[in-house]
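> If you read the protein sequences in the order shown, they are chains A and B.
When we follow my numbering, the leftmost residue of the first sequence carries the number 1, and every step to the right adds one.
When we follow my numbering, the leftmost residue of the second sequence carries the number 1001, and every step to the right adds one.
I should point out that these hints are in silico values taken from the structure, not numbers from a laboratory.
By construction, the Cβ of each residue, glycine as well, lies at the ideal position given by its N, Cα and C atoms.
Please note that a few of the clues may not be correct.
[As the list claims (entries may be wrong)] Which residues of chain B face chain A? A few of them, derived with a C-beta cut under 8 Å, are: (1) Leu1010; (2) Gly1042; (3) Leu1043; (4) Phe1088; (5) Ser1092; (6) Phe1103.
[Said to hold, decoys possible] Result set (EDC-like, lysine to aspartate or glutamate): computed pairs, CA atoms no more than 20 Å apart in a straight line: (7) Lys55/A to Glu30/A; (8) Lys1105/B to Glu102/A; (9) Lys3/A to Glu1038/B; (10) Lys1105/B to Asp59/A.
[To be verified] Simulated restraints, written as ranges between beta carbons of each label pair: (11) Lys71/A to Gln1044/B: 20 to 30 Å; (12) Gln1057/B to Ser65/A: 11 to 21 Å; (13) Thr98/A to Glu1038/B: 20 to 30 Å; (14) Ser96/A to Gln1057/B: 47 to 57 Å; (15) Asp1069/B to Glu56/A: 43 to 53 Å.
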Amino acid sequence: DVKVTQSSRYLVKRTGEKVFLECVQDMDHENMFWYRQDPGLGLRLIYFSYDVKMKEKGDIPEGYSVSREKKERFSLILESASTNQTSMYLCASSLSGTSYNEQFFGPGTRLTVL
Amino acid sequence: GEDVEQSLFLSVREGDSSVINCTYTDSSSTYLYWYKQEPGAGLQLLTYIFSNMDMKQDQRLTVLLNKKDKHLSLRIADTQTGDSAIYFCAESRRGGGADGLTFGKGTHLIIQP
Chain A
1 DVKVTQSSRY
11 LVKRTGEKVF
21 LECVQDMDHE
31 NMFWYRQDPG
41 LGLRLIYFSY
51 DVKMKEKGDI
61 PEGYSVSREK
71 KERFSLILES
81 ASTNQTSMYL
91 CASSLSGTSY
101 NEQFFGPGTR
111 LTVL
Chain B
1001 GEDVEQSLFL
1011 SVREGDSSVI
1021 NCTYTDSSST
1031 YLYWYKQEPG
1041 AGLQLLTYIF
1051 SNMDMKQDQR
1061 LTVLLNKKDK
1071 HLSLRIADTQ
1081 TGDSAIYFCA
1091 ESRRGGGADG
1101 LTFGKGTHLI
1111 IQP
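Using the sequences and the accompanying hints, generate a full structural model.
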């Protein structure tokens, strides 16, 4: 059974803290993605990676960075958390070379920045 | 730029058909998708349609695609309480598979008994 796991379901951090959100997939997928989900705004792509050590900016990369040192792991980093980064963060992965690019999602991490 | 629009709420009676509508802007999208998000869970691919198709049927689900109007719809026949969820329409960004998806804001499907 395919699986994408995220390190925490709920996280509370303080303004200015450095925050790491971890995502691991066990499907040997090349592509990994980080989205944030906000009420009334849907999902917005933050960053994605199509290979180890490769990264591409999505639609809203400001205030975030990412790291992909191993194929199965994709980390989202908030260098200095701010209250407007309070959100649900969803990680996804997909296999390259398939026709319809199904993305498999993790359960999400709900981050609150105080 | 790319944009996907859908209404935020739809309320239907149990047993009736639900029709969720979506408009998109990127005519180069090869595939269009419907994802389902149940409460407290991540998104799950429900169905997809290739851009050269007009219709796709999968059990209770029917997807209709009007490329001329850039309009996509999802029909759920005999709606059940288990269908209560948020439904997201999505298209591939820049028409490519590895580039992530552009999602609509999601339609909350509410089932009345």
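> All hints, please: hold or fail.
How the hints compare with the structure:
With a cut of 8 Å, the hint placing Leu1010/B at the interface with chain A is violated, because the nearest CB-to-CB distance is about 15 Å. Satisfaction of the interface hint for Gly1042/B is found here, the shortest Cβ-Cβ separation to chain A being roughly 3 Å, below the 8 Å cut-off. A cut of 8 Å between beta carbons decides the hint on Leu1043/B: the least distance to chain A is about 4 Å, and the hint holds. Interface restraint check: Phe1088/B against chain A, minimum CB-CB distance 7 Å, threshold 8 Å, status holds.
A hinted interface residue such as Ser1092/B counts as satisfied when its beta carbon comes closer than 8 Å to some beta carbon of chain A; here the least separation is about 6 Å, so the hint holds. This hint holds: Phe1103/B has a C-beta 4 Å from the nearest C-beta of chain A, less than the 8 Å allowed. At most 20 Å may separate the alpha-carbon atoms for a hinted pair to count; Lys55/A and Glu30/A meet this at roughly 12 Å. Proposed proximity of Lys1105/B and Glu102/A is supported: the alpha carbons are some 19 Å apart, at most 20 Å.
For the hint pairing Lys3/A with Glu1038/B, the CA-to-CA distance comes to about 17 Å; that is within 20 Å, so the pair holds. Taking the CA atoms of Lys1105/B and Asp59/A, the gap is near 15 Å; set against the 20 Å cutoff, the hint holds. Between Lys71/A and Gln1044/B the C-beta distance comes to about 23 Å, which sits within the given range of 20 to 30 Å. In this structure the hint that Gln1057/B and Ser65/A lie 11 to 21 Å apart at CB is violated, the actual value being about 44 Å.
Taken as a hint, the range 20 to 30 Å holds for the pair Thr98/A and Glu1038/B, whose Cβ atoms sit roughly 24 Å apart. Between Ser96/A and Gln1057/B the beta carbons are some 29 Å apart, a value that contradicts the proposed interval 47 to 57 Å. With their beta carbons about 31 Å apart, Asp1069/B and Glu56/A fall outside the hinted range of 43 to 53 Å.
This entry does not satisfy hints 1, 12, 14 and 15, going by the numbered hints stated previously.
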